[in-house]
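Could you fit the two chains together into a complex? Lean on the hints.
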Amino acid sequence: MSETKKRERLEVIRDILVAIKHNRSIKPTRLMYASNLSPQMFKDYITELIEKKFVKFEAEGRDEDKKEYTLTKKGMDFLNEFKVIENFVQNFGL
Amino acid sequence: MSALDVFVQNKEFFKVVYALIISLICTFIVLKTHKFFHLSLHQGIRYLRNAFFFYGLAFFTRYILGAPYFANSMGILYGNVMDSLFQFFLATGGFFLLYSLIWKKVDTKKHFTSLWHTNLLFFYTLAIIITVIDKVWLTYSALFFSQIVVFLIASIISLFNYFENKKAKFLKFYLVAMIFSLAAWILNALVAIFLNWNQLILISTYLLNIIVFLIFLYGVFKSTK
Chain A
180 MSETKKRERL EVIRDILVAI KHNRSIKPTR LMYASNLSPQ MFKDYITELI
230 EKKFVKFEAE GRDEDKKEYT LTKKGMDFLN EFKVIENFVQ NFGL
Chain B
797 MSALDVFVQN KEFFKVVYAL IISLICTFIV LKTHKFFHLS LHQGIRYLRN
847 AFFFYGLAFF TRYILGAPYF ANSMGILYGN VMDSLFQFFL ATGGFFLLYS
897 LIWKKVDTKK HFTSLWHTNL LFFYTLAIII TVIDKVWLTY SALFFSQIVV
947 FLIASIISLF NYFENKKAKF LKFYLVAMIF SLAAWILNAL VAIFLNWNQL
997 ILISTYLLNI IVFLIFLYGV FKSTK
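Quick note, the sequences are listed as chains A and B, same order. If you use my numbering, the first sequence corresponds to residues 180 to 273, in order. If you use my numbering, the second sequence corresponds to residues 797 to 1021, in order.
Once the Cα atoms are required to be at most 27 Å apart in a straight line, the calculated DSS-like pairs of lysine-lysine come out as:
(1) K253/A <-> K900/B
(2) K222/A <-> K905/B
(3) K222/A <-> K901/B
If you are wondering where the hints come from, they were derived from the structure by calculation, not from laboratory data. Predicted model only: the values in this text are computed from it and were never measured.
Bound-form chain B, shown alone (with noise of 0.2 Å):
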């Protein structure tokens, strides 16, 4: 039996532990930034906590509040709500990570709650319509394309900043995760749309996400210490 055999016998088992691992990076990441925001009140520390809170979020809701409707122990509404909000949170994690980029540009007021002000209003309405079109649709790919958007312009700021800042060491593996994160959704669109859901490719997706969540980790860790 092969390992790409073991796998897709044991899939939920594995997506299970996947989730986990990430939803942990996440908590780690929002947990271990919390006094450096509080003490400075970094508006783009702030939305980079929030990423990372909504992308703990979808991966909890997706594959472990989600496991019991894959173990046919509940049902297809269920499995409908976790569904929604999986996307829902992965579109606004996504939608943050890339406001912690460009929120110097476009926050031109002081806010309350980096959760709730009118400019992330826009970016909410957007993941309710992409998690609408893709219920409707039946499919993902409202979602795909959007983060493939997100990422494209993510990977070009974070090249224009690495170019503008070589003392700052993370930046070029901030760069290296984003390009990623792009690839990483672009074998996902691919996968659903015209590979019938392909086990090999959607398990290099799965370790792409992996990677990508490694290197925010290390660098969270690298520049904190």
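If we strip away everything but chain A, and leave its shape as in the complex, we get (with noise of 0.2 Å):
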């Protein structure tokens, strides 16, 4: 059995937001390895992510093929807020 303790929901969403921060834009395929998701994981989280507008997905130009994830102010604001969240929810056994 593994020892490393399965992360909760709100740190897999913290981990990936951490790591477009870092990178201030990332490709999804770095981003995937970074978040230490399996493909079918990262896709249902970023989807989750761009619904709730805690990250984009465009290219600065017109090129498809280069689209990378960066954050918004919502994600920004979200990770700025972790710590308070995550206390919350661990004070109120939620």
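Below you can see the structure in the form of structure tokens.
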């Protein structure tokens, strides 16, 4: 059995957002490796993050192949408040 | 004149103050957690907020909107409607609080709203059944029994949560709040069924309830600063 504790959903989201923040913008494959997720899990999480408007997936020019993930203001706010939210969720057993 | 006599003679006034304190605490909790819910969209936060939303509504309905009935300025129909709404909101609040502790195990699908989905339909139906039974029997027995079961389960879950995560400082207070709530519901049932609404014990349940809501308020303050 693995000794590494399974990451909570909020921690996975934080890890993805931190990886994007550190790179300012990042390509899908690199982000998937950086966030340490399987392709299916990565797809689920990133779709959710785009839906929630935490992350944008766009290219600077018109070249579709150059699309990269970047953080939105909402994503940045989430990262700033992450500790408080995590603390709240743990304290109330949620 | 003893303090108990003062309370009994001004009972309706104290009930309004009691309801105002609890309604304000609930409003504060719902507003204070708004930002965290909207940032994280965390379902647990959502259900916890719903619990306090319904608790706030319950106390506001019963003791503030219902105050004219107790002052004899509204008819019996008005009193009955307020009382039924109070029971429904109170039961629903308890169910949401329990659901906030178990949602991870039972929520298998993503829901667009936390106020209405199939799992919650069960709780709403139960709350309606409880209200109807009590109205037909002219008691509060179904409400008392259901909430004793809810808080017994919530106390057990809180105990496990406390032992599993010692780092979260508020969990021990959460456990105390659940045990106090359970005690308050048991006392309520005893007072209503066996003790002919003994005023002294009734005051104790009101005080216990206020302590429980203050514990939650403290937890929200402490966890969000």
